[in-house]
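*Asks:* The chain contents come next:
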Amino acid sequence: MTDIHRDIKPLGERPRILQMQEVDKTFNGNVAALRRMSLTVNEGDLISLLGPSGCGKSTALRLIAGLMRPTRGRIVWDGGQSADDLGVVFQEPTLMPWATVIQNVYLPFRLRGQSLASVRDRIGEVLHLVGLDKFVESYPRELSGGMKMRVSIARALVTNPRLILMDEPFAALDEITRQKLNNDLLSLKAATGCTVIFVTHSVFESVFLSDRILVMAPRPGRVISEITVDQPYPRDSAFRTSPEYAAIARRTSDTLMAAMGNTEMEAET
Amino acid sequence: MSIAEDGTSGLKPAVNEPESALYDAEEARYARARRIEAVAKWALPIIVMTLAIWGWDRLVVINNIPKYILPSPGLVVETLIKDWGILYPSMLVTLKITLTALAVAVVGGVLLAVLFTQSKFAEMSFFPFAVIMQVTPIVSVAPLIFIYVTNGFVALILCAWIVAFFPILANTTLGLKSADHNLRDLMTIYRANRWQRLRYLQLPSALPYFLGGLRIAGGLSLIGAIVAEYVAGSTAAGSGLAFRILEASYRLNIPRMYAGLLLIALMGVAIFMITAGLNHFLLRKWHESALKRD
Ligand SMILES: Nc1ncnc2c1ncn2[C@@H]1O[C@H](COP(=O)(O)OP(=O)(O)OP(=O)(O)O)[C@@H](O)[C@H]1O
Ligand SMILES: [Mg+2]
Chain Z
50 MTDIHRDIKP LGERPRILQM QEVDKTFNGN VAALRRMSLT VNEGDLISLL GPSGCGKSTA
110 LRLIAGLMRP TRGRIVWDGG QSADDLGVVF QEPTLMPWAT VIQNVYLPFR LRGQSLASVR
170 DRIGEVLHLV GLDKFVESYP RELSGGMKMR VSIARALVTN PRLILMDEPF AALDEITRQK
230 LNNDLLSLKA ATGCTVIFVT HSVFESVFLS DRILVMAPRP GRVISEITVD QPYPRDSAFR
290 TSPEYAAIAR RTSDTLMAAM GNTEMEAET
Chain V
3 MSIAEDGTSG LKPAVNEPES ALYDAEEARY ARARRIEAVA KWALPIIVMT LAIWGWDRLV
63 VINNIPKYIL PSPGLVVETL IKDWGILYPS MLVTLKITLT ALAVAVVGGV LLAVLFTQSK
123 FAEMSFFPFA VIMQVTPIVS VAPLIFIYVT NGFVALILCA WIVAFFPILA NTTLGLKSAD
183 HNLRDLMTIY RANRWQRLRY LQLPSALPYF LGGLRIAGGL SLIGAIVAEY VAGSTAAGSG
243 LAFRILEASY RLNIPRMYAG LLLIALMGVA IFMITAGLNH FLLRKWHESA LKRD
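Line by line, the protein sequences give chains Z and V.
One gets this note's numbering by counting positions in the first sequence from 1 and adding 49 to each.
One gets this note's numbering by counting positions in the second sequence from 1 and adding 2 to each.
Since the hints were made in silico from the structure, they are not lab data.
Some clues are possibly wrong.
To be verified - Per the computed footprint, the stretches of chain V lying under chain Z, defined by three or more beta-carbons under 8 Å from a beta-carbon of chain Z, are: (1) 191-200; (2) 281-289.
Said to hold, decoys possible - Here are the in silico distance ranges between beta carbons for each label pair: (3) V:L280 / Z:P64: 51 to 61 Å; (4) Z:S102 / V:M275: 45 to 55 Å; (5) Z:Q163 / V:D187: 15 to 25 Å; (6) V:M275 / Z:A220: 39 to 49 Å.
Each residue gets a CB set at the ideal place from its N, CA and C atoms; glycine is no exception.
Use the sequences and the hints to build the structure in full.
*Replies:* Below, the structure written as structure tokens:
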């Protein structure tokens, strides 16, 4: 796995990957999903987009993924964008039910015209990282919800993309599985040095995982606050009970409440 | 307890705790219910069918119904064997028409469905034609076809094809369009081209829908072939099973009519079983409809 490892520099020294500059997104000419949304992604970041339902988190991710165009503003990739810059994990595992685990993870390579033989080692390595060595030839229906999610993460990681987008990937899972996958995500990040934008509406998940939390306010969606989680990795379950964790969670939660309170007041006036 | 000991849970080690015994008893009951179901699945249709035939036979014998009104089942089978030399070649003719029409419907339906999903304009232009072809009763169109198409065999295939084609087209089009939207986004993100999108996402997604269409089309192509033969009467190539039945009816050979009917029914059942088997074989690994739940 050394050939895919990227070193993570300290916050502040990381080269920039992408900038979202004052982006507006309006649906059907009147639904303002995003207004003046800006964010910067640096190499090695694990950024959480945190906000209430409907505040435009998925919209922001879809814009970054190039699945739709901004109504106004720009999204700029440093050094231009190419086909293998992105990996995506959706809220649902989004696996092809007719294909085995290995074929699902092979998909990005297959679309590039690479033979299975030439990437088999790489796929094996990533499936090992997510702990699915024994299920290479299984069909998705034979796996549990958490295992399907791991396959989905493996597929996003396998091409070693510059940026991985995750849209509430663990929201549908139970608390125990979710914590386990959160731990695993941090191990994966340590092992690969990948850069992640992680959408969630769980304060605790965002504090545990990220080095930066972008708190979003709804209607119109925008980033209203950035919280830096200046706690070193690796973080393990002990971090969840530390006073630092509690303090940051508290602060994040207050910011989020304030963000929602603001809009409620705006709506009233 | 006695249920748990009847050998159904032979793999389980003997246990003394009342709780596990209870659990085993329940499991055994469940297993037994499943075994009964498996047997009933085959036994029930056979029993009902046998009873029906027996009832038919009794009806004829007790009421002394003459064979030119209702032949007994035994006589029908006897006729089938006696007239095998006439009926069997006719069955092959009808089978050939049915299968050729079905094959052309499959190829044409799938190709057109792919064309429809590749180009909205193609769909807008041609879909109404497909609907008109579908809703116009074949009996009313067939005479015209027999006037324009001089080769009787081709005309018969054309009629059967018109009937069988639409379910394949409609189902496959629906299937190609119903690929998971997140997977479609994934294809866009990885910059898949049209062909890759079709090959790796849309066609596999459409397979269950296509097979559903095939099951309907299999039955319809046989119906189309038979109806067309009836309409054609003796003018066309005229030696299929429907023609034989018509011919027998002119001669008031009722037992032979029944024998022909029996062959047609058997063909229909065979086609149904083959398409259902194909469905199971292709989907058994992954699709909900073919999965065994326990
Ligand atoms: N395709 C669309 N057409 C019209 N409106 C849309 C569309 N997609 C999103 N919206 C609107 O944009 C707003 C933001 O939606 P988005 O899905 O980005 O929210 P979200 O933050 O991801 O919410 P959740 O946490 O529930 O997933 C919502 O008000 C939604 O109604
Ligand atoms: Mg969302």
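*Asks:* Does the segment 191-200 of chain V contain three or more residues whose Cβ lies closer than 8 Å to a Cβ of chain Z?
*Replies:* holds (count 5)
*Asks:* Are there three or more residues in the segment 281-289 of chain V whose C-beta lies closer than 8 Å to some C-beta of chain Z?
*Replies:* holds (count 3)
*Asks:* Is 51 to 61 Å right for how far apart the beta carbons of L280 of chain V and P64 of chain Z are?
*Replies:* Given about 55 Å between the Cβ atoms, the range holds.
*Asks:* Indicate whether the distance between the beta carbons of M275 of chain V and A220 of chain Z respects the range 39 to 49 Å.
*Replies:* Once the Cβ atoms are compared, 45 Å apart, the range 39 to 49 Å for A220 of chain Z and M275 of chain V holds.
*Asks:* Just to be sure I understand the hint, the distance between the Cβ atoms of Q163 of chain Z and D187 of chain V should be within 15 to 25 Å; is that true here?
*Replies:* Holds, at about 21 Å.
*Asks:* Can you tell me whether the CB distance of S102 of chain Z to M275 of chain V sits inside 45 to 55 Å?
*Replies:* holds (50 Å)
In summary, the structure agrees with every hint in the numbered list given earlier.
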